[in-house]
Amino acid sequence: MPKAIEVKDGIYYVGHKDWIVRNFHGYTTSRGSSYNAYLIRDEKNVLVDTVKAPYAEELIENVSRIIDPSKIDFVLSNHTEPDHSGSMPAVMEAMPNATVIATAAGEKGLKKYYGGDDWKFQVVKNGDSMSIGKRSLVFVPTPMVHWPDSLATYVPEEKLIFTMDAFGQHFATSSYYDDEVDYSELMLEAKKYYANIVMHLGNVIKKVLPAVEALDIDMMAPSHGLIWRKHIPDIIARYKAWTECKPSAKVLVIYDSMWHSTEMMAHAIYDGANKTGINVRLIDLKSNDLTDIVTDVLDAGAVIVGSPTLNNGMMPTVSAFLTYMKGLKPTNKIGFAFGSHGWAGGGAKAVNEELVKTGIEIVRDPLTCVFRPEQQVLDECIQLGSGIADRVAAL
Amino acid sequence: MDKYECQACGYVYDPEKGDPDNGIPAGTSFEALPDDWTCPMCGVGKDMFEKI
Numbered sequence: 001m002p003k004a005i006e007v008k009d010g011i012y013y014v015g016h017k018d019w020i021v022r023n024f025h026g027y028t029t030s031r032g033s034s035y036n037a038y039l040i041r042d043e044k045n046v047l048v049d050t051v052k053a054p055y056a057e058e059l060i061e062n063v064s065r066i067i068d069p070s071k072i073d074f075v076l077s078n079h080t081e082p083d084h085s086g087s088m089p090a091v092m093e094a095m096p097n098a099t100v101i102a103t104a105a106g107e108k109g110l111k112k113y114y115g116g117d118d119w120k121f122q123v124v125k126n127g128d129s130m131s132i133g134k135r136s137l138v139f140v141p142t143p144m145v146h147w148p149d150s151l152a153t154y155v156p157e158e159k160l161i162f163t164m165d166a167f168g169q170h171f172a173t174s175s176y177y178d179d180e181v182d183y184s185e186l187m188l189e190a191k192k193y194y195a196n197i198v199m200h201l202g203n204v205i206k207k208v209l210p211a212v213e214a215l216d217i218d219m220m221a222p223s224h225g226l227i228w229r230k231h232i233p234d235i236i237a238r239y240k241a242w243t244e245c246k247p248s249a250k251v252l253v254i255y256d257s258m259w260h261s262t263e264m265m266a267h268a269i270y271d272g273a274n275k276t277g278i279n280v281r282l283i284d285l286k287s288n289d290l291t292d293i294v295t296d297v298l299d300a301g302a303v304i305v306g307s308p309t310l311n312n313g314m315m316p317t318v319s320a321f322l323t324y325m326k327g328l329k330p331t332n333k334i335g336f337a338f339g340s341h342g343w344a345g346g347g348a349k350a351v352n353e354e355l356v357k358t359g360i361e362i363v364r365d366p367l368t369c370v371f372r373p374e375q376q377v378l379d380e381c382i383q384l385g386s387g388i389a390d391r392v393a394a395l
Numbered sequence: 396m397d398k399y400e401c402q403a404c405g406y407v408y409d410p411e412k413g414d415p416d417n418g419i420p421a422g423t424s425f426e427a428l429p430d431d432w433t434c435p436m437c438g439v440g441k442d443m444f445e446k447i
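Here the protein sequences line up with chains C and S, keeping their order.
Residue numbering for the first sequence is 1 to 395, as defined by the numbering used here.
Residue numbering for the second sequence is 396 to 447, as defined by the numbering used here.
By construction, these hints were calculated from the structure, which means they are not laboratory data.
Hints should not be assumed to be uniformly reliable.
What the hints assert, rightly or not - Once the Cα atoms are required to be at most 20 Å apart in a straight line, the calculated PhoX-like pairs of lysine-lysine come out as: (1) S:K412 to C:K357; (2) C:K329 to S:K412; (3) C:K159 to C:K230; (4) C:K44 to C:K120; (5) C:K159 to C:K134; (6) C:K230 to C:K8; (7) C:K329 to C:K207; (8) C:K240 to C:K206; (9) C:K108 to C:K120; (10) C:K125 to S:K441; (11) C:K207 to S:K441; (12) C:K206 to S:K441; (13) C:K191 to C:K246; (14) S:K398 to S:K441; (15) S:K412 to S:K398.
Claimed, not checked - Derived, one-sided and incomplete: chain C residues facing chain S with beta-carbon distance under 8 Å: (16) A105; (17) P141; (18) P143; (19) M144; (20) P148; (21) N203; (22) V204; (23) I217.
Where is the CB? At the ideal position from N, CA and C, for every residue including glycine.
Just need the whole structure built from these sequences, with the hints factored in.
Written as structure tokens, this is what we have:
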């Protein structure tokens, strides 16, 4: 039986560590995840968020070990997405005296998902606050970080902010705090989370960060992964860089190939770019995971993408990658398309069109060859790789 | 009059339609929307919109 974890005096962790999940709506969660929920004991008792539906019983049990669930006065729903709200029906049954706190969009979403016609709601908006006894809750709606309903909740007396999905990581570990795990692993998972979940919302997040920085806090409790208490300035600084997709001296050569010709071009581009101080990555879409690739895209300087022509278009693996990357709207990248074809072509051209739509600065027209790349084409690949490396080195 | 797209959620403000649910009559240009107008779909501010 897990022990109750007290993160602050009278504030407990009551969430679930998910050691099993490896596919989170397409995101490869290689280290699992956690659905963080918290209990605040005060004159009014507040459950902060719930967990994914299959773990409702565990959540209620965790609460029961600390307090009789019927004594919960408020269930604060900071985010409607089912990984946090999935247990709401079970929770509201076990906590019949609770009023749900949510934004207007949150109330609408919860009702769509779960009905909840007999639930009491208290709708909060920007700047609202309420006393729960010794402490108060200050509500800071953060629309689109991550959904329209998203809400951050600040507890000034505790210097604590519940940041919801922001600053989260899909990271199951027996630890609870950022200083209890390997720093590089933590930052990699935070980066992966940012890249895959909110990269496209950089402009919105950029506006929220100064407000977070201005708060007097010593703890940031996200809804996934570890609680930040030691590395708060670090993670905020990283978020600042990530909102710009700040490019580095990193070149990604991403491709698929049918009969090795596009692969030969990819290798030649890699050879050209492979210089001291440049991090070049050769990424075959047959054997690489999209979650990892877009994590690399976040701070890359160049994204070069190759596809052979299959049925007059690009290969489905390349198409899937480009669709995923386009939705995440990376900024500040340069790149170009390349690929081999047999007769009419079309693969590299289709890649080029998608790169343009993604907002990548195209440095040249698609580089193509017929069947096998001749030495002249391979030399051009090397030259292009070298030129791109010089450009990103200067960043 | 130009249409503007919300960069956060993809909603398009069409001045010909306005945003009647929030008291903005048809024919209101994007520029004429009040500063505190927010995206009716996702709630972000006017500064998150770009001309399309």
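Measuring from the C-beta of A105 (chain C) to each C-beta in chain S, is the shortest one below 8 Å?
-> OK, holds: A105 (chain C) within 8 Å of chain S, min 6 Å.
Is K159 (chain C) close enough to K134 (chain C), meaning Cα to Cα at most 20 Å?
-> Holds, because 13 Å separates the two Cα atoms, which is no more than 20 Å.
Do the alpha carbons of K230 (chain C) and K8 (chain C) lie within 20 Å of each other, as the hint requires?
-> holds (15 Å)
Within 20 Å, alpha carbon to alpha carbon, are K207 (chain C) and K441 (chain S)?
-> holds (13 Å)
Chain S contact restraint for P143 (chain C) - C-beta distance below 8 Å | Because about 3 Å separates P143 (chain C) from the closest Cβ in chain S, which is inside the 8 Å limit, the hint holds.
Distance restraint between K191 (chain C) and K246 (chain C), which requires alpha-carbon spacing of 20 Å or less | holds (13 Å)
Taking the closest Cβ pair, is P148 (chain C) under 8 Å from chain S?
-> Holds, about 4 Å.
Is it true that the CA of K206 (chain C) sits at most 20 Å from the CA of K441 (chain S)?
-> holds (15 Å)
Hint consistency between K159 (chain C) and K230 (chain C) [alpha-carbon to alpha-carbon, up to 20 Å] = holds (13 Å)
Straight-line Cα separation of K108 (chain C) and K120 (chain C) no greater than 20 Å?
-> This hinted pair holds, its Cα atoms lying about 13 Å apart.
Regarding the hint that P141 (chain C) lies at the interface with chain S, is the smallest CB-CB distance below 8 Å?
-> Nearest chain S Cβ about 7 Å off; hint holds.
Is K412 (chain S) close enough to K398 (chain S), meaning Cα to Cα at most 20 Å?
-> Judged against 20 Å, a Cα distance of about 10 Å means the pair holds.
Checked against the numbered hints listed earlier, the structure breaks hints 1, 2 and 23; every other hint is satisfied.
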